[in-house]
Amino acid sequence: MTRTQMQSALNSLKRLKVDLYGKDFLLTWDRSLDELKAVLTVADIFSELHKAGKSFRVFDTGLAISIFRDKSTRTRFSFASAVNALGLGLSELDEEKSQIAHGETVRETANMISFLTEIIGIRDDMFLGEGNRYMREVGAAVQEGFEAGVLHRRPSIVNLQCDIDHPTQSLADLLHLKKHFGSLDKLRGKKIAMTWAYSPSYGKPLSVPQGIIGLMTRFGMRVTLAHPKGYGLIPETVALAEANARASKGSFTIAESMEEAFANVDVVYPKSWAPFQVMQRRTELLKKNDRNGLVELEKECLANNAQFKNWECDDAKMKLTNGGKALYMHCLPADISGVSCVQGEVSKEVFERYRLATYAEAGNKPFVIAAIIFLARISNARKVLQKIVKSKRH
Amino acid sequence: MTRTQMQSALNSLKRLKVDLYGKDFLLTWDRSLDELKAVLTVADIFSELHKAGKSFRVFDTGLAISIFRDKSTRTRFSFASAVNALGLGLSELDEEKSQIAHGETVRETANMISFLTEIIGIRDDMFLGEGNRYMREVGAAVQEGFEAGVLHRRPSIVNLQCDIDHPTQSLADLLHLKKHFGSLDKLRGKKIAMTWAYSPSYGKPLSVPQGIIGLMTRFGMRVTLAHPKGYGLIPETVALAEANARASKGSFTIAESMEEAFANVDVVYPKSWAPFQVMQRRTELLKKNDRNGLVELEKECLANNAQFKNWECDDAKMKLTNGGKALYMHCLPADISGVSCVQGEVSKEVFERYRLATYAEAGNKPFVIAAIIFLARISNARKVLQKIVKSKRH
Amino acid sequence: MTRTQMQSALNSLKRLKVDLYGKDFLLTWDRSLDELKAVLTVADIFSELHKAGKSFRVFDTGLAISIFRDKSTRTRFSFASAVNALGLGLSELDEEKSQIAHGETVRETANMISFLTEIIGIRDDMFLGEGNRYMREVGAAVQEGFEAGVLHRRPSIVNLQCDIDHPTQSLADLLHLKKHFGSLDKLRGKKIAMTWAYSPSYGKPLSVPQGIIGLMTRFGMRVTLAHPKGYGLIPETVALAEANARASKGSFTIAESMEEAFANVDVVYPKSWAPFQVMQRRTELLKKNDRNGLVELEKECLANNAQFKNWECDDAKMKLTNGGKALYMHCLPADISGVSCVQGEVSKEVFERYRLATYAEAGNKPFVIAAIIFLARISNARKVLQKIVKSKRH
Numbered sequence: 001m002t003r004t005q006m007q008s009a010l011n012s013l014k015r016l017k018v019d020l021y022g023k024d025f026l027l028t029w030d031r032s033l034d035e036l037k038a039v040l041t042v043a044d045i046f047s048e049l050h051k052a053g054k055s056f057r058v059f060d061t062g063l064a065i066s067i068f069r070d071k072s073t074r075t076r077f078s079f080a081s082a083v084n085a086l087g088l089g090l091s092e093l094d095e096e097k098s099q100i101a102h103g104e105t106v107r108e109t110a111n112m113i114s115f116l117t118e119i120i121g122i123r124d125d126m127f128l129g130e131g132n133r134y135m136r137e138v139g140a141a142v143q144e145g146f147e148a149g150v151l152h153r154r155p156s157i158v159n160l161q162c163d164i165d166h167p168t169q170s171l172a173d174l175l176h177l178k179k180h181f182g183s184l185d186k187l188r189g190k191k192i193a194m195t196w197a198y199s200p201s202y203g204k205p206l207s208v209p210q211g212i213i214g215l216m217t218r219f220g221m222r223v224t225l226a227h228p229k230g231y232g233l234i235p236e237t238v239a240l241a242e243a244n245a246r247a248s249k250g251s252f253t254i255a256e257s258m259e260e261a262f263a264n265v266d267v268v269y270p271k272s273w274a275p276f277q278v279m280q281r282r283t284e285l286l287k288k289n290d291r292n293g294l295v296e297l298e299k300e301c302l303a304n305n306a307q308f309k310n311w312e313c314d315d316a317k318m319k320l321t322n323g324g325k326a327l328y329m330h331c332l333p334a335d336i337s338g339v340s341c342v343q344g345e346v347s348k349e350v351f352e353r354y355r356l357a358t359y360a361e362a363g364n365k366p367f368v369i370a371a372i373i374f375l376a377r378i379s380n381a382r383k384v385l386q387k388i389v390k391s392k393r394h
Numbered sequence: 001m002t003r004t005q006m007q008s009a010l011n012s013l014k015r016l017k018v019d020l021y022g023k024d025f026l027l028t029w030d031r032s033l034d035e036l037k038a039v040l041t042v043a044d045i046f047s048e049l050h051k052a053g054k055s056f057r058v059f060d061t062g063l064a065i066s067i068f069r070d071k072s073t074r075t076r077f078s079f080a081s082a083v084n085a086l087g088l089g090l091s092e093l094d095e096e097k098s099q100i101a102h103g104e105t106v107r108e109t110a111n112m113i114s115f116l117t118e119i120i121g122i123r124d125d126m127f128l129g130e131g132n133r134y135m136r137e138v139g140a141a142v143q144e145g146f147e148a149g150v151l152h153r154r155p156s157i158v159n160l161q162c163d164i165d166h167p168t169q170s171l172a173d174l175l176h177l178k179k180h181f182g183s184l185d186k187l188r189g190k191k192i193a194m195t196w197a198y199s200p201s202y203g204k205p206l207s208v209p210q211g212i213i214g215l216m217t218r219f220g221m222r223v224t225l226a227h228p229k230g231y232g233l234i235p236e237t238v239a240l241a242e243a244n245a246r247a248s249k250g251s252f253t254i255a256e257s258m259e260e261a262f263a264n265v266d267v268v269y270p271k272s273w274a275p276f277q278v279m280q281r282r283t284e285l286l287k288k289n290d291r292n293g294l295v296e297l298e299k300e301c302l303a304n305n306a307q308f309k310n311w312e313c314d315d316a317k318m319k320l321t322n323g324g325k326a327l328y329m330h331c332l333p334a335d336i337s338g339v340s341c342v343q344g345e346v347s348k349e350v351f352e353r354y355r356l357a358t359y360a361e362a363g364n365k366p367f368v369i370a371a372i373i374f375l376a377r378i379s380n381a382r383k384v385l386q387k388i389v390k391s392k393r394h
Numbered sequence: 001m002t003r004t005q006m007q008s009a010l011n012s013l014k015r016l017k018v019d020l021y022g023k024d025f026l027l028t029w030d031r032s033l034d035e036l037k038a039v040l041t042v043a044d045i046f047s048e049l050h051k052a053g054k055s056f057r058v059f060d061t062g063l064a065i066s067i068f069r070d071k072s073t074r075t076r077f078s079f080a081s082a083v084n085a086l087g088l089g090l091s092e093l094d095e096e097k098s099q100i101a102h103g104e105t106v107r108e109t110a111n112m113i114s115f116l117t118e119i120i121g122i123r124d125d126m127f128l129g130e131g132n133r134y135m136r137e138v139g140a141a142v143q144e145g146f147e148a149g150v151l152h153r154r155p156s157i158v159n160l161q162c163d164i165d166h167p168t169q170s171l172a173d174l175l176h177l178k179k180h181f182g183s184l185d186k187l188r189g190k191k192i193a194m195t196w197a198y199s200p201s202y203g204k205p206l207s208v209p210q211g212i213i214g215l216m217t218r219f220g221m222r223v224t225l226a227h228p229k230g231y232g233l234i235p236e237t238v239a240l241a242e243a244n245a246r247a248s249k250g251s252f253t254i255a256e257s258m259e260e261a262f263a264n265v266d267v268v269y270p271k272s273w274a275p276f277q278v279m280q281r282r283t284e285l286l287k288k289n290d291r292n293g294l295v296e297l298e299k300e301c302l303a304n305n306a307q308f309k310n311w312e313c314d315d316a317k318m319k320l321t322n323g324g325k326a327l328y329m330h331c332l333p334a335d336i337s338g339v340s341c342v343q344g345e346v347s348k349e350v351f352e353r354y355r356l357a358t359y360a361e362a363g364n365k366p367f368v369i370a371a372i373i374f375l376a377r378i379s380n381a382r383k384v385l386q387k388i389v390k391s392k393r394h
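Residue numbers (the working numbering), protein chains in the order written: chain A, 1 to 394; chain B, 1 to 394; chain C, 1 to 394.
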């Protein structure tokens, strides 16, 4: 970015109507287009500042808390990077270390960790119907604590992946597309295929495909969702994508094969997930801690999956895309045939061709998270950012 | 707090004789009344600064180490918040991660973690006769290291709960009382009932009730301790409370029922603990790693506990207190009947009425810990604090 | 250090040819004598600044990542201290917490943790032939990411102990010797015995003895390595020590008993390790996860070890050293007879006499690590250091 481009990016923030200050960031479809654009613009500026070796620290002290109810490397380190860059200290609430596992109520814990806390990042994607609800419970709890004067400030909650959406991922993906095509405007009319892909494991969350169809349909893209019969997403999220597409004058269609979905598209996003109904059954079994039931379900699902080994993103299918040159995307880690598994979501050849591109895609995430936190916690965000850009601090 | 109140609080520090610099903070009864008052005053000021969005960071760099030999959410995050607010980095010594479990001596480890360390917070409340002794061992070790030139500075130890006392909790509780009644002076003559309460678990530490009777008796309060027969505290701590009460012209009495203890009191603190003798037996069994013995002891104790299910703080008993309006206190998490257990320490109704008040009570803890660290590590504490208050840094 | 000594140390940096900026620090023998001298000089200055209560923070924000593939207290806290002192935030990649254990490639993870990262510290000493290779893989991965524009900056890798070398330990040891004898020049001709010692455990890494013979031979020391038959080090590291000794006009000899090695030496470093061949077999068994094989191997090795219980550093053997007053060194924790085990590497009497000296030896490590990071990440290191020394910032 030249100095002029940086200033132009800063100026563009003036034209956006943004109401993120003091708010939680839980679902992209809770936020206006202007707000999403502001996040991407700030993320872009932060990335450029980092590239130039300039600090964008805005906090002298303060805590960021992360609660990971599922394993994570990428999102964990993205969050750690983002809060560090802004000047916050990170404390992780590990449920095995803390008393949260001993019947302590969410309400109470939420306040106990929030006395000097600016931001709470939560990943809770295991249980259908639970993750996003848990985040809202935490948000309600700190709101109550704030209103009662228990908390001096109400921390903001950031969804680091739930059962419904994975907004920091989908926004990192959107930023990847913005850079790839040149601008958000240029996404209009571009075709993207969000497709199921075969994996030797089962039980992967639905949040990524749901996040992608829920977000990309808002920017006038022509989105196709494809999966084998019985591998559907949460119906409400599909309905939402349809409504979004109508509103943005893009389109949303469902295809029945990877080949059909790939035909002439500009972008492919082939990724495994567990069918909605399986996730429902799994959630019940997990709640009951029914180990035998879980083993049975896994057996059944893997057998089911095995019928769809041809749902692999390989060179032959890539040839069906627009000029044979669609952009391959993945949230990582991908199940790469012959690399991380015998047969998986993507062939070794295709993945290798786009490997560094997927790394760059992931590289947007720390800046997206930092932008979300910045806009949620800094009241006069644009002016503060203008000051940072002008300052000589390194 | 108005600007005038803030300045008056600052001025009050001038009149206190404080010798906390470079010291450990292990038991409230090791410290003078002036020192305890200074801690509360600084905590109050820090809390006000935080409310106003002002930083009270005093360290550019430096480590705080925490050693948790028992699970913790509240104290862990209070410590994390406090050290972050002062500008220190936190490193947790997890005994499973480190070599401390492999026969490494306390003496050596204490020095190994202290080369650039300002403060060591320790929670060690599982073994009777061990926790506080361990803290003193660590203190002696870093003293030796400092005197030998191994350490450039001698870190201070803060007791984050031991077998005897829980000073950061009891001081947070005292600050709660100070705010509730308006000043420390107004505590004089006020009645507080520290009582045992029924819990479906067993083995809770003695440090909270001991800390409360050991501290509140110093401020002229009329303290009643109540528990079923055989549920006594460490005898020395009871003797100490008696002596404190004589010295402060308060009083200390022992009652035999929750009803008797609650009669006409201003404050109630109903909380479960394991009898002193049980903790002694448990300590021996834990040391021997005698699993069968522990299971037997738990069975015996739970059967014993079950005789005292009526030791529940409910509306009927609250009516016995002064005007039926005593302040309910708890260090959290409470065993709430019908919420976190079938029957527990407190009825759902009573707890709900005071729920947010107990959160506020807990909210004092980060500021109390920060105040203790500040006074232990900053030589000209009052002047530095005066500067912070006057500065415009945010 | 007086102000003049400090300035003289700073000036000495001008005369050194140092090419550490942007580099990894993996083996001391990858680096020139000038570079090693620069590390020690900067470490010395940092230590003096810390003693004087002066901050040497150079980063406003930025992450340091540590990857510990083996338990650690000392090195973990040394690294935590060093990065904190420089202003970096620490994030630990715990392989159990992250997805690294689930087949994720090193290449990908290396990039995922590096987007805003300045330094990656790695301890990987369990598998012969693996640890150092893993570090180079991580280095190659971030290099690729940097060249592809995925990473804005390429983080530097610091070896916190591998299968071959333990450079931060051996440099801390070298700094200890420098202080003990007055200067690096005075090490010329001094005799040091790096000897095996008996331990009731088995499987201790080879990196310390290898690091010591590989480093001390470069400074003109007369190095003797001693161990029972069959307890050899990796042959290449022994050959390297021989070549180093020839080049530096020191010497390198192998003795067959502790007594022979101790004769008239100025320094002794008695420490247990597992024979090279055992480590090879152990590595194979660990890779296959062959539990029975590991139990068998341990049995065999402990029986073998038991033949050499007389390899204990005791008063009688210490009398054989130069004037009976050789400096005893150890990387800690030592197996101390009658303290941490029935019989071990060193007698209680000898260890107690040098106990605080070994603490001081360990105390060099945080400053050595800070110096390595400083030289790897700050392009105009000498000038920046000069500024820090002159500044009044505390």
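Since the hints were derived computationally from the structure, they do not count as laboratory data. You may find that some hints are simply not true.
Within a straight-line C-alpha distance of at most 20 angstroms, the following computed EDC-like cross-link-like pairs (lysine to aspartate or glutamate) qualify [said to hold, decoys possible]:
{"no.": "1", "chain 1": "C", "residue 1": "K348", "chain 2": "B", "residue 2": "E144"}
{"no.": "2", "chain 1": "A", "residue 1": "K387", "chain 2": "C", "residue 2": "D60"}
{"no.": "3", "chain 1": "B", "residue 1": "K319", "chain 2": "B", "residue 2": "E298"}
{"no.": "4", "chain 1": "A", "residue 1": "K51", "chain 2": "C", "residue 2": "E92"}
{"no.": "5", "chain 1": "C", "residue 1": "K392", "chain 2": "B", "residue 2": "D60"}
{"no.": "6", "chain 1": "B", "residue 1": "K387", "chain 2": "A", "residue 2": "E144"}
{"no.": "7", "chain 1": "B", "residue 1": "K51", "chain 2": "A", "residue 2": "D60"}
{"no.": "8", "chain 1": "B", "residue 1": "K17", "chain 2": "B", "residue 2": "D30"}
{"no.": "9", "chain 1": "A", "residue 1": "K71", "chain 2": "C", "residue 2": "D94"}
{"no.": "10", "chain 1": "B", "residue 1": "K179", "chain 2": "A", "residue 2": "E147"}
{"no.": "11", "chain 1": "C", "residue 1": "K71", "chain 2": "B", "residue 2": "D30"}
{"no.": "12", "chain 1": "C", "residue 1": "K179", "chain 2": "B", "residue 2": "D60"}
{"no.": "13", "chain 1": "C", "residue 1": "K54", "chain 2": "B", "residue 2": "E259"}
{"no.": "14", "chain 1": "B", "residue 1": "K348", "chain 2": "A", "residue 2": "E144"}
{"no.": "15", "chain 1": "B", "residue 1": "K71", "chain 2": "A", "residue 2": "D94"}
{"no.": "16", "chain 1": "C", "residue 1": "K387", "chain 2": "B", "residue 2": "D60"}
{"no.": "17", "chain 1": "A", "residue 1": "K179", "chain 2": "C", "residue 2": "D34"}
{"no.": "18", "chain 1": "B", "residue 1": "K51", "chain 2": "A", "residue 2": "E144"}
{"no.": "19", "chain 1": "A", "residue 1": "K392", "chain 2": "C", "residue 2": "D60"}
{"no.": "20", "chain 1": "A", "residue 1": "K71", "chain 2": "C", "residue 2": "E92"}
{"no.": "21", "chain 1": "C", "residue 1": "K390", "chain 2": "B", "residue 2": "D60"}
Here is how each hint holds up against the structure:
{"no.": "1", "hint": "K348(C) <-> E144(B)", "in the structure": "holds, 18 angstroms"}
{"no.": "2", "hint": "K387(A) <-> D60(C)", "in the structure": "holds, 17 angstroms"}
{"no.": "3", "hint": "K319(B) <-> E298(B)", "in the structure": "violated, 34 angstroms"}
{"no.": "4", "hint": "K51(A) <-> E92(C)", "in the structure": "violated, 24 angstroms"}
{"no.": "5", "hint": "K392(C) <-> D60(B)", "in the structure": "holds, 13 angstroms"}
{"no.": "6", "hint": "K387(B) <-> E144(A)", "in the structure": "violated, 34 angstroms"}
{"no.": "7", "hint": "K51(B) <-> D60(A)", "in the structure": "holds, 15 angstroms"}
{"no.": "8", "hint": "K17(B) <-> D30(B)", "in the structure": "holds, 14 angstroms"}
{"no.": "9", "hint": "K71(A) <-> D94(C)", "in the structure": "holds, 11 angstroms"}
{"no.": "10", "hint": "K179(B) <-> E147(A)", "in the structure": "holds, 18 angstroms"}
{"no.": "11", "hint": "K71(C) <-> D30(B)", "in the structure": "violated, 37 angstroms"}
{"no.": "12", "hint": "K179(C) <-> D60(B)", "in the structure": "violated, 29 angstroms"}
{"no.": "13", "hint": "K54(C) <-> E259(B)", "in the structure": "violated, 59 angstroms"}
{"no.": "14", "hint": "K348(B) <-> E144(A)", "in the structure": "holds, 18 angstroms"}
{"no.": "15", "hint": "K71(B) <-> D94(A)", "in the structure": "holds, 11 angstroms"}
{"no.": "16", "hint": "K387(C) <-> D60(B)", "in the structure": "holds, 17 angstroms"}
{"no.": "17", "hint": "K179(A) <-> D34(C)", "in the structure": "violated, 45 angstroms"}
{"no.": "18", "hint": "K51(B) <-> E144(A)", "in the structure": "holds, 17 angstroms"}
{"no.": "19", "hint": "K392(A) <-> D60(C)", "in the structure": "holds, 13 angstroms"}
{"no.": "20", "hint": "K71(A) <-> E92(C)", "in the structure": "holds, 14 angstroms"}
{"no.": "21", "hint": "K390(C) <-> D60(B)", "in the structure": "holds, 17 angstroms"}
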